[in-house]
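Enquirer: Protein chains in written order, with my numbering: chain A, 135 to 201; chain B, 25 to 532.
It is worth saying that the hints were derived from the structure and are not from the lab. Check before you lean on any hint, since a few could be wrong.
[Claimed, not checked] Here are the simulated lysine to aspartate or glutamate pairs, EDC-like style, with alpha carbons at most 20 angstroms apart:
{"id": "1", "chain 1": "B", "residue 1": "Lys-156", "chain 2": "A", "residue 2": "Asp-181"}
{"id": "2", "chain 1": "B", "residue 1": "Lys-349", "chain 2": "B", "residue 2": "Glu-368"}
{"id": "3", "chain 1": "B", "residue 1": "Lys-471", "chain 2": "B", "residue 2": "Glu-454"}
{"id": "4", "chain 1": "B", "residue 1": "Lys-409", "chain 2": "A", "residue 2": "Asp-178"}
{"id": "5", "chain 1": "B", "residue 1": "Lys-409", "chain 2": "A", "residue 2": "Glu-179"}
{"id": "6", "chain 1": "A", "residue 1": "Lys-193", "chain 2": "B", "residue 2": "Asp-48"}
{"id": "7", "chain 1": "B", "residue 1": "Lys-156", "chain 2": "A", "residue 2": "Glu-185"}
{"id": "8", "chain 1": "A", "residue 1": "Lys-193", "chain 2": "B", "residue 2": "Glu-164"}
{"id": "9", "chain 1": "B", "residue 1": "Lys-409", "chain 2": "A", "residue 2": "Asp-181"}
{"id": "10", "chain 1": "B", "residue 1": "Lys-507", "chain 2": "A", "residue 2": "Glu-182"}
{"id": "11", "chain 1": "A", "residue 1": "Lys-193", "chain 2": "B", "residue 2": "Asp-46"}
{"id": "12", "chain 1": "A", "residue 1": "Lys-170", "chain 2": "B", "residue 2": "Glu-407"}
{"id": "13", "chain 1": "A", "residue 1": "Lys-193", "chain 2": "B", "residue 2": "Asp-415"}
{"id": "14", "chain 1": "A", "residue 1": "Lys-170", "chain 2": "B", "residue 2": "Glu-385"}
{"id": "15", "chain 1": "A", "residue 1": "Lys-198", "chain 2": "B", "residue 2": "Asp-445"}
{"id": "16", "chain 1": "B", "residue 1": "Lys-349", "chain 2": "A", "residue 2": "Asp-174"}
{"id": "17", "chain 1": "B", "residue 1": "Lys-175", "chain 2": "A", "residue 2": "Glu-189"}
{"id": "18", "chain 1": "B", "residue 1": "Lys-360", "chain 2": "B", "residue 2": "Asp-188"}
{"id": "19", "chain 1": "A", "residue 1": "Lys-198", "chain 2": "B", "residue 2": "Asp-48"}
{"id": "20", "chain 1": "B", "residue 1": "Lys-455", "chain 2": "B", "residue 2": "Asp-514"}
{"id": "21", "chain 1": "B", "residue 1": "Lys-409", "chain 2": "A", "residue 2": "Glu-182"}
{"id": "22", "chain 1": "B", "residue 1": "Lys-156", "chain 2": "B", "residue 2": "Asp-48"}
{"id": "23", "chain 1": "B", "residue 1": "Lys-455", "chain 2": "B", "residue 2": "Asp-445"}
{"id": "24", "chain 1": "A", "residue 1": "Lys-170", "chain 2": "A", "residue 2": "Asp-181"}
{"id": "25", "chain 1": "A", "residue 1": "Lys-198", "chain 2": "B", "residue 2": "Glu-164"}
{"id": "26", "chain 1": "A", "residue 1": "Lys-198", "chain 2": "B", "residue 2": "Glu-240"}
{"id": "27", "chain 1": "A", "residue 1": "Lys-198", "chain 2": "B", "residue 2": "Asp-415"}
{"id": "28", "chain 1": "B", "residue 1": "Lys-175", "chain 2": "A", "residue 2": "Glu-185"}
{"id": "29", "chain 1": "B", "residue 1": "Lys-455", "chain 2": "B", "residue 2": "Asp-46"}
{"id": "30", "chain 1": "B", "residue 1": "Lys-175", "chain 2": "A", "residue 2": "Glu-190"}
[Stated by the list, open to error] Stretch by stretch, here's where chain A covers chain B in the computed footprint (C-beta under 8 angstroms, at least three residues):
{"id": "31", "region": "32-46"}
{"id": "32", "region": "113-123"}
{"id": "33", "region": "175-184"}
{"id": "34", "region": "412-423"}
{"id": "35", "region": "437-445"}
All residues carry an ideal CB built from backbone N, CA and C; glycine is no exception.
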Amino acid sequence: MPEQEQQRKNAATSREDFEQEDATPGASGEQGVHLKAELDDLLDEIDEVLESNAEEFVKSYVQKGGE
Amino acid sequence: MSVDKILGLETEYGIVHRGVPDPDPISASALLINAYLDQVSAASRGPNAPRPGWDFVSESPDHDARGFITADGRAPAIEMHMVNAVLTNGARYYVDHAHPEMSSPECADALSAVLYDQAADHIMVASMEAAKEVLPEGQELVVYKNNSDGKGNSYGCHENYLVDRAVPFEQVVLHATTHFVSRQIFTGAGKVGCEMPGSSRRQVPFQITQRADFFEEPVGLETTLKRPIINTRDEPHADPLRYRRLHVIVGDANLCQVATFLKLGTTTLVLAMVEEGMLEQGVRFADPVRALQQVSFDLTLRQPLLLDDGSSATALSLQWSYYEKAVKYLERFGSKKVGGATAELVMERWLQVLTALEQSEHSPLIGVVDWVTKQHLLTAYQERKALSAGDIRLAAVDLQYHDLRPDRSLFARLGAETLVDERQVAAAMEKPPKETRAYFRGRCLEKWPDQVVAANWDSLVFETGQTNLQRIPMMEPTRGTEKHVGSILDQCATVIELLDHLKASDPV
Numbered sequence: 135m136p137e138q139e140q141q142r143k144n145a146a147t148s149r150e151d152f153e154q155e156d157a158t159p160g161a162s163g164e165q166g167v168h169l170k171a172e173l174d175d176l177l178d179e180i181d182e183v184l185e186s187n188a189e190e191f192v193k194s195y196v197q198k199g200g201e
Numbered sequence: 025m026s027v028d029k030i031l032g033l034e035t036e037y038g039i040v041h042r043g044v045p046d047p048d049p050i051s052a053s054a055l056l057i058n059a060y061l062d063q064v065s066a067a068s069r070g071p072n073a074p075r076p077g078w079d080f081v082s083e084s085p086d087h088d089a090r091g092f093i094t095a096d097g098r099a100p101a102i103e104m105h106m107v108n109a110v111l112t113n114g115a116r117y118y119v120d121h122a123h124p125e126m127s128s129p130e131c132a133d134a135l136s137a138v139l140y141d142q143a144a145d146h147i148m149v150a151s152m153e154a155a156k157e158v159l160p161e162g163q164e165l166v167v168y169k170n171n172s173d174g175k176g177n178s179y180g181c182h183e184n185y186l187v188d189r190a191v192p193f194e195q196v197v198l199h200a201t202t203h204f205v206s207r208q209i210f211t212g213a214g215k216v217g218c219e220m221p222g223s224s225r226r227q228v229p230f231q232i233t234q235r236a237d238f239f240e241e242p243v244g245l246e247t248t249l250k251r252p253i254i255n256t257r258d259e260p261h262a263d264p265l266r267y268r269r270l271h272v273i274v275g276d277a278n279l280c281q282v283a284t285f286l287k288l289g290t291t292t293l294v295l296a297m298v299e300e301g302m303l304e305q306g307v308r309f310a311d312p313v314r315a316l317q318q319v320s321f322d323l324t325l326r327q328p329l330l331l332d333d334g335s336s337a338t339a340l341s342l343q344w345s346y347y348e349k350a351v352k353y354l355e356r357f358g359s360k361k362v363g364g365a366t367a368e369l370v371m372e373r374w375l376q377v378l379t380a381l382e383q384s385e386h387s388p389l390i391g392v393v394d395w396v397t398k399q400h401l402l403t404a405y406q407e408r409k410a411l412s413a414g415d416i417r418l419a420a421v422d423l424q425y426h427d428l429r430p431d432r433s434l435f436a437r438l439g440a441e442t443l444v445d446e447r448q449v450a451a452a453m454e455k456p457p458k459e460t461r462a463y464f465r466g467r468c469l470e471k472w473p474d475q476v477v478a479a480n481w482d483s484l485v486f487e488t489g490q491t492n493l494q495r496i497p498m499m500e501p502t503r504g505t506e507k508h509v510g511s512i513l514d515q516c517a518t519v520i521e522l523l524d525h526l527k528a529s530d531p532v
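So here's chain B without its partners, still in its complex pose:
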């Protein structure tokens, strides 16, 4: 049976430290984040106030959804301890490997997730500006929202979805694979060239996605080597008997808000249909990794993908099939578990985008689908300047499409369609979503910043002034909402009062 589709995004951004001879991305990322945190903290609480840290006690990235634990699973803790903050909007902002990363708060629907994705981008802009204040003249940190440097190095934009533990994982793998391969036609962020070993820009001048070049396995636990289409990390950050968290690593980071919305909204619907047992018979690709790359390379969207029974299907036909089934799902089960009214908007946009792609009518997709938008810009620029197909300036335009500086971003200058307005985004940089446990996390951090000594997805640790630290578990992502705890948080003046209230009513 489908569970509420709580979801979120984790975005690793590209970073460049300009004006230094030998830039170090790890310290640049730390500087970026610290500059922002110092500025926010100084504005609200005065200089040098302590910051709540991240708590690793319940992390288990080496647990495999197929039911085993790898002996050599890498613990995440060591390198990430450097900068690791939790924000009053419920997000986590930290250095991961050599990138600044933002994990959004848990969101109740795709539109809320778009809002917090936009808030994350705006926090990057604010961070770049804060860094400029502390860096010497002539230096600058620049953040890019993309997934590849064009030289074989990739970094991710991961998605997370709450899934019913009782659903056989095989069913999730089957349909998620088909969806992830075929949804690329509207989730791709576009890329000049190809980074697969042995391929060249002459063979692939432009492809639909940033990420397809980097995937080697259909299913697996890795995220950095031999990347799998289906990542099996089994770390629910919630009650493990009720839930899985499907951790999706295959997607591109999108600049177009509608593309982010569809990426999350359609995947929500496909997973809910799997949970309801509506999709038992699916299709299997003869070679899923090859199919992923074929879709990314085929700008005509007409190339048939070989299935394991010898027949074939196009990415478009597979998407139409999921769309048609989602119509039935909503008729039969309603939209309660899949984001309510937002699901209707997902269906409307899904239909619009598939129709335009099928008719090769690209103009309505500019500012809606990233690869189409970028290709349009590249073509116009190439014509205007009479450039050859291999001109390096086309690769520069590609990179600068993703530059997040408002005055430099080529994407920002195109005036793409928005689903959320600036006022909402400004609020979301500080306030948590009201419909998930992120609300409790964010409000507590806002109200008692000195007494929340550690936070993670499924608990908060409070310093009460008494002998022991108090851990409040939050194993249910749909609780701790404004409805559940809003009035308690409003009433309580101290952490001790809050803890007494929670013991009496157990609403988190």
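Just chain A, with the same shape it has in the complex:
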């Protein structure tokens, strides 16, 4: 089935291309570091942001079904 083989080859090539790109430090690496810093900041202040009474908040969040 040459068609299928060609298909897999194409996909494999494009996957390799992607992995090579990913190996060089680039946007996604920086994005990861940036998000980690954001998460640390968020965890530091999460008690100020989160609803103070978690149990009450979760229990009272009741919606009617939709659609």
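Knowing the structure of chain A, use the given hints to seat chain B on it.
Expert: Relative to chain A, chain B alone:
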């Protein structure tokens, strides 16, 4: 043959009225929307200006794509008449059941749809702020972009795609089912716990999607009971001889822009491949509903799904297969019907996300895929606070991930990747997309707000000052664009001039 993949989203948001003892979600939703509409109208046209209403004349939600009409199909009109507005960006903003809902304007590609989804979220933020102005001290309306209250009640984020009527519906059902079950690995918004009868949070502490728990049938017309993976509502809002509108109810609402982009972009490509007859032989799940739930429960993405010929496949392998075929589709047919240059970006992100999921490399997916982002946040929080797996605070973090108040939203504080910028979003709150008939709708509403007396997806009704109201049909979603009618709309000073021009040239 594939038709231009015009698409859109309909999002029902969760709503909480804080500071009252016995909140009523229907009046809260109405108050939210009215507060926004009053503010916008007062800013542009002075107080108490009339608003164009929605026109139900061409709605037919009880028509089934399998070719029959149900006798007990529910008409949508009665409860929705309360608040039902059409905006200058071409969207519809209304109360549906007990939720505020935004139906986006028709968009020409997935990136445009992401932009109008962001505009919808920003309109919710503006609406919450407008409501605060009119509510007594101590009261507040809060909007959540999620799909479940954690107690067995669900509300939807529906997608719509224009599909060639000539394609056998069976082919659409076959491949859309396979795609909807398997795409959950990047479309899931994540959820603490499980809402299926008889299951517990101990059995399923966290799952990939908000919605999988609520589906009971492979195919059907319902949206609120016995929800089907494939909804067969046959209501094209366009020329019914040329088009179907595939109405998709199975997806989650996403906060991550890339997740919304991929949800819409990959589905566009799968449907175009079905239309071109590239996918005739597909796989069939032995039990599609069970497969949907298996994928949602399996955070390893390794569990094989049983197929009806006795073999098995994973969600990842099914997605790789569609990805590989989409590469071929674009080589053979180009990207013209599937969003042009946007389709190339879909392919790039699809590859990136599948590769990272396959390698269990989650860090590049934070801020890109919601369930991964939420799980990461939950794990970090649980560790920081040394919480047990069943701690109620984890469920609170889950809910607050979806809170749309900028100062309270846990998602917003994570600084996720964006595909559209704030300036574009601000413009999209007021201006329609240029590439579909939404352009004509939006521009007419902006220019002649007092004379558009009713609007819906496929027509506008004008009050001209003469005896009869004039209905302008817009049965072709790819017309009425800036290219078709932009200069006519610029030239015409009055509705009568516009109607004369349209009669002479018929561009809508």
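Enquirer: All hints, please: hold or fail.
Expert: Against the structure, the hints come out as follows:
no. : hint                  : result
1   : B:Lys-156 / A:Asp-181 : 24 angstroms, violated
2   : B:Lys-349 / B:Glu-368 : 14 angstroms, holds
3   : B:Lys-471 / B:Glu-454 : 12 angstroms, holds
4   : B:Lys-409 / A:Asp-178 : 11 angstroms, holds
5   : B:Lys-409 / A:Glu-179 : 12 angstroms, holds
6   : A:Lys-193 / B:Asp-48  : 16 angstroms, holds
7   : B:Lys-156 / A:Glu-185 : 19 angstroms, holds
8   : A:Lys-193 / B:Glu-164 : 18 angstroms, holds
9   : B:Lys-409 / A:Asp-181 : 10 angstroms, holds
10  : B:Lys-507 / A:Glu-182 : 50 angstroms, violated
11  : A:Lys-193 / B:Asp-46  : 14 angstroms, holds
12  : A:Lys-170 / B:Glu-407 : 15 angstroms, holds
13  : A:Lys-193 / B:Asp-415 : 13 angstroms, holds
14  : A:Lys-170 / B:Glu-385 : 15 angstroms, holds
15  : A:Lys-198 / B:Asp-445 : 34 angstroms, violated
16  : B:Lys-349 / A:Asp-174 : 41 angstroms, violated
17  : B:Lys-175 / A:Glu-189 : 14 angstroms, holds
18  : B:Lys-360 / B:Asp-188 : 15 angstroms, holds
19  : A:Lys-198 / B:Asp-48  : 10 angstroms, holds
20  : B:Lys-455 / B:Asp-514 : 15 angstroms, holds
21  : B:Lys-409 / A:Glu-182 : 14 angstroms, holds
22  : B:Lys-156 / B:Asp-48  : 17 angstroms, holds
23  : B:Lys-455 / B:Asp-445 : 15 angstroms, holds
24  : A:Lys-170 / A:Asp-181 : 18 angstroms, holds
25  : A:Lys-198 / B:Glu-164 : 19 angstroms, holds
26  : A:Lys-198 / B:Glu-240 : 19 angstroms, holds
27  : A:Lys-198 / B:Asp-415 : 25 angstroms, violated
28  : B:Lys-175 / A:Glu-185 : 19 angstroms, holds
29  : B:Lys-455 / B:Asp-46  : 38 angstroms, violated
30  : B:Lys-175 / A:Glu-190 : 14 angstroms, holds
31  : 32-46                 : holds (count 4)
32  : 113-123               : holds (count 4)
33  : 175-184               : holds (count 6)
34  : 412-423               : holds (count 6)
35  : 437-445               : holds (count 5)
The structure is inconsistent with the numbered hints 1, 10, 15, 16, 27, 29, although it conforms to all the rest.
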